[in-house]
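Enquirer: Residues per chain, in single letters:
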Amino acid sequence: MSNTRPNCVLHCQGVSHWFGSNRVLNNINLEITAGQIVAVVGPSGCGKSTLLRAILGTHPPKAGQIIANGHPVTRPNRDVGIVYQNYSLFDFLTARDNVAFGLMLDQTTLPERLFGYFQWRKLRSQHRQQALDLLEKVQLSKAANLYPHEMSGGMRQRVAIAQALIMEPKILLLDEPFGALDEATREELQLMLLRLYDENLQAKAAGQTPPYTILIVTHELNEALYVSDRVIGLSQYHQDGANGATIVYDKQAPVFKAGDARDFEQFETQKDELRKAVFTPSATRHHSEFVTFWNEHDKAFAP
Amino acid sequence: MLMVRKSIPKAWQFSLGIASILLLVGGYTVFSHGRAVRQKEVAAQQLDNVRNLLSEVLATPADELDPASLAKRQSKIHDYEAQITRFEQESQTAIDRTVPTWSSLYHDGLLRVLSPQGLKKDEYWLAEDAWATFIRLISGLGVGVALSLIIGILMGAYASIESFFLPPLSFLAKIPPTAMMAIFFILVGTSYQMYVTMIAFGVLPTLAQSIYQSAKKDVPENLIFKAYTLGASSLELIWNVIYKQILPRLIDAVRLQIGPAMVMLVAAEWMVSSAGFGYRLRLFYQRTDMTVIFVYVLILGVAGLVADYLLTLLRRKLCPWFGD
Ligand SMILES: Nc1ncnc2c1ncn2[C@@H]1O[C@H](COP(=O)(O)OP(=O)(O)OP(=O)(O)O)[C@@H](O)[C@H]1O
Ligand SMILES: [Mg+2]
Numbered sequence: 005m006s007n008t009r010p011n012c013v014l015h016c017q018g019v020s021h022w023f024g025s026n027r028v029l030n031n032i033n034l035e036i037t038a039g040q041i042v043a044v045v046g047p048s049g050c051g052k053s054t055l056l057r058a059i060l061g062t063h064p065p066k067a068g069q070i071i072a073n074g075h076p077v078t079r080p081n082r083d084v085g086i087v088y089q090n091y092s093l094f095d096f097l098t099a100r101d102n103v104a105f106g107l108m109l110d111q112t113t114l115p116e117r118l119f120g121y122f123q124w125r126k127l128r129s130q131h132r133q134q135a136l137d138l139l140e141k142v143q144l145s146k147a148a149n150l151y152p153h154e155m156s157g158g159m160r161q162r163v164a165i166a167q168a169l170i171m172e173p174k175i176l177l178l179d180e181p182f183g184a185l186d187e188a189t190r191e192e193l194q195l196m197l198l199r200l201y202d203e204n205l206q207a208k209a210a211g212q213t214p215p216y217t218i219l220i221v222t223h224e225l226n227e228a229l230y231v232s233d234r235v236i237g238l239s240q241y242h243q244d245g246a247n248g249a250t251i252v253y254d255k256q257a258p259v260f261k262a263g264d265a266r267d268f269e270q271f272e273t274q275k276d277e278l279r280k281a282v283f284t285p286s287a288t289r290h291h292s293e294f295v296t297f298w299n300e301h302d303k304a305f306a307p
Numbered sequence: 423m424l425m426v427r428k429s430i431p432k433a434w435q436f437s438l439g440i441a442s443i444l445l446l447v448g449g450y451t452v453f454s455h456g457r458a459v460r461q462k463e464v465a466a467q468q469l470d471n472v473r474n475l476l477s478e479v480l481a482t483p484a485d486e487l488d489p490a491s492l493a494k495r496q497s498k499i500h501d502y503e504a505q506i507t508r509f510e511q512e513s514q515t516a517i518d519r520t521v522p523t524w525s526s527l528y529h530d531g532l533l534r535v536l537s538p539q540g541l542k543k544d545e546y547w548l549a550e551d552a553w554a555t556f557i558r559l560i561s562g563l564g565v566g567v568a569l570s571l572i573i574g575i576l577m578g579a580y581a582s583i584e585s586f587f588l589p590p591l592s593f594l595a596k597i598p599p600t601a602m603m604a605i606f607f608i609l610v611g612t613s614y615q616m617y618v619t620m621i622a623f624g625v626l627p628t629l630a631q632s633i634y635q636s637a638k639k640d641v642p643e644n645l646i647f648k649a650y651t652l653g654a655s656s657l658e659l660i661w662n663v664i665y666k667q668i669l670p671r672l673i674d675a676v677r678l679q680i681g682p683a684m685v686m687l688v689a690a691e692w693m694v695s696s697a698g699f700g701y702r703l704r705l706f707y708q709r710t711d712m713t714v715i716f717v718y719v720l721i722l723g724v725a726g727l728v729a730d731y732l733l734t735l736l737r738r739k740l741c742p743w744f745g746d
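Chains A and B are the protein sequences, given in the same order. Under this note's numbering, the residues of the first sequence are numbered 5 to 307, in order. Under this note's numbering, the residues of the second sequence are numbered 423 to 746, in order.
Bear in mind the hints are in silico, worked out from the structure with no lab data behind them. Please note that a few of the clues may not be correct.
FRET-style restraints, in silico, Cβ to Cβ [as the list claims (entries may be wrong)]:
| id | chain 1 | residue 1 | chain 2 | residue 2 | range |
| --- | --- | --- | --- | --- | --- |
| 1 | A | G49 | B | L732 | 31 to 41 Å |
| 2 | B | L732 | A | R128 | 27 to 37 Å |
| 3 | A | F122 | B | W661 | 18 to 28 Å |
| 4 | A | P10 | B | S582 | 35 to 45 Å |
| 5 | A | Q134 | B | Y580 | 28 to 38 Å |
| 6 | A | G263 | B | L657 | 44 to 54 Å |
| 7 | A | G49 | B | S582 | 46 to 56 Å |
| 8 | B | A697 | A | L114 | 35 to 45 Å |
No experiment lies behind these values; they were computed from the predicted model shown. C-beta: ideal position from N, C-alpha, C; glycine also.
Excised from the complex, chain B in its bound form (with noise of 0.2 Å):
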């Protein structure tokens, strides 16, 4: 059997990822195009059954019949030609809205949500989801961000903070955010302050945890007596110490707490927004029309990989000393 563990070259690294990624992307497109294919050749198959129909029509001689026969011949000539019509179309390009080829996912997806939509043409889905999400989340992480950090290090320099605030906490943390939600719309409604109040207090508890856990563990006793020694007064031992020493791992629980959020906010804009990556989602998911819901979805992702990519640069510069 293969050695656990053992270290691979890094070219292997490398192809092997790009392999996942082209078999995803691959198996997608063998899927969505079969599918397409198969599609056609239904609709050619119609066509033909259509077409065979007319001619069974059109064989018999219309002057024999009485004006009643010849009424409802000449309407189903009409049916035939406009069924020939439509599978003619389908015949040449599928249009499968619940697994649409990359072509269609294209066409219909990301240019339609790119391009100025509506009666008047002035709808821009994309820039308005995506700016009223944003904003959304960072307003909501940001105040979460700063209670946590104030209630966290508190939590980890003084005794009795630490005790009056450690039971609500770890009980807000067990309750999934989601089942609150109800409790947010009616007690703070549906605005934009609903968003930021509920992501705030959704990772709140966890943040707050983590950095209180931070604050007590990964700063030493003795590095807190020796700062006294230093002649630090105890806002420079909570500035200068404490929160330096935890600002890595402080960057890294806000990065893993933009997945939790995002489930919150976009599951929230499902239920009652107008606006908003959550919103678009269900519209769409009504229709059955993938073709916007998967180019969202993708959009989505990249942006998580970004946001993740970036609070990393960012703990680097900030934090050189760290390591990675």
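Bound-form chain A, shown alone (with noise of 0.2 Å):
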């Protein structure tokens, strides 16, 4: 898989990372399109947010390399977003200055706003009204001038959500984004990534680039299964699991619609064979058994 895909907008090309003997991802390799939203789940400590960091740019592979949106990744930057577990949000800002954060860095300089002030004013009461939009999106327009210290942890990861969005990064990486919060505020922030799932039908429906393209690690199945239309295993329990893990289970999940009931019965066969894929130490198999995404994808487009 080394000819890129139209639409690519995340390439992973032979990634490898270790911390000193500690050998954790092996020679990963990974294609994203534009319009995927992409559950990675994985054993405990078998290196999911290592290969986000990787991703992100902040920690660079040490073998391999990372194409985000065409370019490789040296160092973070706007195309790739990031909404961590917690310490998200900028306690010194408002939600909606926090949301408004990324457009007045991406689109001014610090000189500019110094010495262009009255522009500025005006260019920044347009940001705020465009944070207002995306906050009212993610229905929390109420909640528009309380610092982070004031909010709930599920208000919070929603404002990171909105603060993310804003940029309209290629890529989306969440980690583990909803692992700290109850049970009702999950199912919300989950309805919230079906309701840009069905932005991205509509946009393919209408010939365009769909807008919103997400990796996300989560430790549920259950929730994998739900918020995405294709789910990563990334596991060492495989032939060649002491050098580290890489990919072991690479298909499609079924797509639900926001207002479409939680029937998780359905996600039992994918459930057991995940598990079997995945999360069993003792699996010596090769890694590319259940790695079969691109294939089926190709045979359904083929012409």
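Take each chain as given, in its own frame, and dock them per the hints.
Expert: What follows is the structure, given as structure tokens:
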């Protein structure tokens, strides 16, 4: 898979990483195209966060290359967005200003804001309006003027997602974003992701590039299958596991609409498959046995 | 036994606070008043003695004496009369300048530092001293805070600057600033610039270190990465993220450095200045006259409280997100 697909927003090529003698990531090859919502699951400590940090560019891999939006990733930049489990917001800004923050940083420079103060003020009110619109979309317009310490965990994560989305990143990384939230809040935020996916489908139907591409790490298999359209398993349980974790599962996931019933019964077969492929320490098969996403995709779309 | 950390009603908190102040003021009143009364009694006692002595002298008839004895008698009478005038006065109003009474503090202390003094009646002590000390303190702190902010933030932001500045700062922070005074007096002289240099260098090691700690610890790594994904430049990261985040801690750190800065300043003024709080305190110390000293000490305490309060207000105004 060295030739890149059209609409490819993220391409990991032979990515490996290790800490001293602890080999964590082992030759990871992954291609994600615009509009996909990809869930990553894997045993605790297998290197999911390490992979995300490599894609983000804060901790580049020891071997291999990562291409985002056509450019090799060397440091964090505006093409790749991130939402961490916590500590994702700026304490000194209100919800609204947290969301508008990226527009300011991205579109103006410090000297411009200092020396072109009046122009900046005009632009700023536009930014704040944009931020308010986006907050409305994640159903938080009421909290616009609250500071992070005045918000609940769920509100904070919603602001963090809006903050990342306003940049229209080529790909958005979520590292266990709902891990610390209660069940009800979790469900609400899952619905929010489904609504974003819905917009992707509409854009595709209209012949446009779908706007949201998301890579989400989660512990919850149900959540992974529910919010995504593609599930990836990262695991060290395979033939070459001594050299670290690699992708041992890559298949389509059932697509839900925000209004559909949360019917998790239908996941059981795929969950069993996932447990077998990703979470069984005794597994010694070749890692590619369950990596069939692109084959199936290409078969389905073959001329 | 009383339970640890048991809360008490607001009214109680308030009353206990008032009570402690009243105790302080009352204690001083009783003490200074007691001294004054005793002093009056002693004076009255002495007045009696001298009066007796005088009447004894007067009892011996003058016409039987030779001229030499007569002159002696005359001078004795003169001497006793002078003493009587003094003791009469002292037994009425005691003049205790070691533990002055409130009224003495007011008349001989406060009124004196507020009204014109000196031969030409053109010296306003409090205004002149306060201004001299204030301007030195503000300039010194201003320079010190500005330098500390630059060094501290850059240290928190760049590992190379951190490695470069950390050893000298840790070392300098351990030297008591008053021990450095001799060096400043000799290298910079005893001018206004010396006070500014001394205060700036005195507060810099501690202040820069606490700003650096804050820039490192209060700004989580993830937040920095996040800012980069939002398109921040490194300059914006320093100004729009790190500086904003540490501002409340910065204000608190400055607030806490006012005390040490005043220690250095008053000590230096005591030694080499010809104006300022320290200078006036030394003058009156040498005369063992506590009236002005107590007034100045009170003013310094109140000024410290006010400065504290103002900086807390400033922090609340600039950083509403920080809470209390
Ligand atoms: N900075 C580091 N230094 C040394 N080892 C590290 C470091 N970061 C991670 N590791 C190791 O790398 C491995 C993968 O860690 P990582 O955080 O990526 O796992 P994870 O899949 O995200 O786990 P979890 O599901 O618990 O979040 C672990 O064995 C961890 O001990
Ligand atoms: Mg992790």
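Enquirer: Against the structure, test the hints numbered earlier, and report the numbers of the ones violated in rising order.
Expert: 1, 7
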